[in-house]
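Undergrad: Here is how the chains run, residue by residue.
Number of protein chains: 2
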Amino acid sequence: MTEHSLWRFSRALHRAINDRHFEDIETLIDEDVDWALYGPIDMFPFLGARQGKHAVLDVIRQIANNFHVRRFDRETVMLGIDSASSMLRYSLTALDSDKPISLRVAQFARFRAGRLINMRVLVDTFDLVEQALGRPIHLPKMTRLG
Amino acid sequence: MTEHSLWRFSRALHRAINDRHFEDIETLIDEDVDWALYGPIDMFPFLGARQGKHAVLDVIRQIANNFHVRRFDRETVMLGIDSASSMLRYSLTALDSDKPISLRVAQFARFRAGRLINMRVLVDTFDLVEQALGRPIHLPKMTRLG
Numbered sequence: 223m224t225e226h227s228l229w230r231f232s233r234a235l236h237r238a239i240n241d242r243h244f245e246d247i248e249t250l251i252d253e254d255v256d257w258a259l260y261g262p263i264d265m266f267p268f269l270g271a272r273q274g275k276h277a278v279l280d281v282i283r284q285i286a287n288n289f290h291v292r293r294f295d296r297e298t299v300m301l302g303i304d305s306a307s308s309m310l311r312y313s314l315t316a317l318d319s320d321k322p323i324s325l326r327v328a329q330f331a332r333f334r335a336g337r338l339i340n341m342r343v344l345v346d347t348f349d350l351v352e353q354a355l356g357r358p359i360h361l362p363k364m365t366r367l368g
Numbered sequence: 223m224t225e226h227s228l229w230r231f232s233r234a235l236h237r238a239i240n241d242r243h244f245e246d247i248e249t250l251i252d253e254d255v256d257w258a259l260y261g262p263i264d265m266f267p268f269l270g271a272r273q274g275k276h277a278v279l280d281v282i283r284q285i286a287n288n289f290h291v292r293r294f295d296r297e298t299v300m301l302g303i304d305s306a307s308s309m310l311r312y313s314l315t316a317l318d319s320d321k322p323i324s325l326r327v328a329q330f331a332r333f334r335a336g337r338l339i340n341m342r343v344l345v346d347t348f349d350l351v352e353q354a355l356g357r358p359i360h361l362p363k364m365t366r367l368g
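Those sequence lines, one after another, are chains A and B.
With the first sequence counted from 1, adding 222 to any position gets you my numbering.
With the second sequence counted from 1, adding 222 to any position gets you my numbering.
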């Protein structure tokens, strides 16, 4: 059995973010990749939708400029022939402040010939924003919860 | 081929939320279900972790008391033998204010003998909070994005 594309992609991604080694990840992204990290792009300009390998590599470089991955735990994973989904828990360090950030992430990927062609990532964004701000945002309690 | 447990569960869940018909969903949840909807529980007390069928049915009743599902689109879906993951886009109405809420959700489910035993749901929570508040939360731009 050959290794699933997810594992190779995941290793290359973390090597790019932590070691600024971008050669491996470059070969694992399709020229026509369709990519979206959902979240508040006003605060984190590297979030949002991107089309094409060049734009996606640029996002990965920006993430590498801002965060270090201390550890990640894959809580759930589903593997298809050319697809994968997982729920992960990341422990990051924000490089500008040296602050720890802990984050839950859901990720859906599709591959073609071993290269990433589609990526959708959802983050517990409110939790992320509060940690990045370094303070809680006051929220009213919603009513009608009988 | 028999129908995947996900489709039966999804129909029953939406019938519970929109029509307050809880009989079907009751039969599709395992007594020992392990359940978590990640998000700000201060604002939405029905979010968070729950153990057991009784606690989960209570959550579904609270969601039914607060929201109506206008439509949902399953953007991505992966089906395993007894598992399923999907990324969905929900259009809800908040019942207390009659306000529309549009929401992206990632959901990972596991079934045993057709009954739900594990559910993990991640929501684009910052987007949810802003819509529930009815106003944007001002965010500073993160630096070091070269």
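Source of the hints: derived by calculation from the structure; they are not laboratory data.
Where a beta carbon is used, it is the ideal one built from N, C-alpha and C, also for glycine.
Please note that a few of the clues may not be correct.
[Unchecked claim] Computed beta-carbon distance windows for the label pairs:
1. A/Asp318 / B/His360: 38 to 46 Å
2. A/Ala271 / B/Asp256: 12 to 20 Å
3. B/Pro267 / A/Leu355: 42 to 50 Å
4. B/Arg233 / A/Ser319: 44 to 52 Å
5. B/Glu297 / A/Leu361: 47 to 55 Å
6. A/Asp318 / B/Arg337: 41 to 49 Å
7. B/Arg233 / A/Asp318: 31 to 39 Å
8. A/Asn240 / B/Arg337: 20 to 28 Å
Undergrad: Next step is simple, just say for each hint if it's right about the structure.
TA: Going down the list of hints, with the structure as the test:
1. Restraint check, aspartate 318 of chain A to histidine 360 of chain B: a C-beta distance of roughly 19 Å breaks the suggested window 38 to 46 Å.
2. One distance hint, 12 to 20 Å for the beta-carbon pair alanine 271 of chain A and aspartate 256 of chain B, is violated here, with the actual separation near 33 Å.
3. Against the hinted window of 42 to 50 Å, the Cβ-Cβ separation of proline 267 of chain B and leucine 355 of chain A comes to about 23 Å, which falls outside the hint.
4. With their beta carbons about 47 Å apart, arginine 233 of chain B and serine 319 of chain A fall inside the hinted range of 44 to 52 Å.
5. Between glutamate 297 of chain B and leucine 361 of chain A the C-beta distance comes to about 28 Å, which lies outside the given range of 47 to 55 Å.
6. Range check, aspartate 318 of chain A to arginine 337 of chain B: about 47 Å between beta-carbon atoms, so the 41 to 49 Å window is met.
7. Between arginine 233 of chain B and aspartate 318 of chain A the CB atoms are about 47 Å apart, so this pair departs from the stated range of 31 to 39 Å.
8. With their beta carbons about 41 Å apart, asparagine 240 of chain A and arginine 337 of chain B fall outside the hinted range of 20 to 28 Å.
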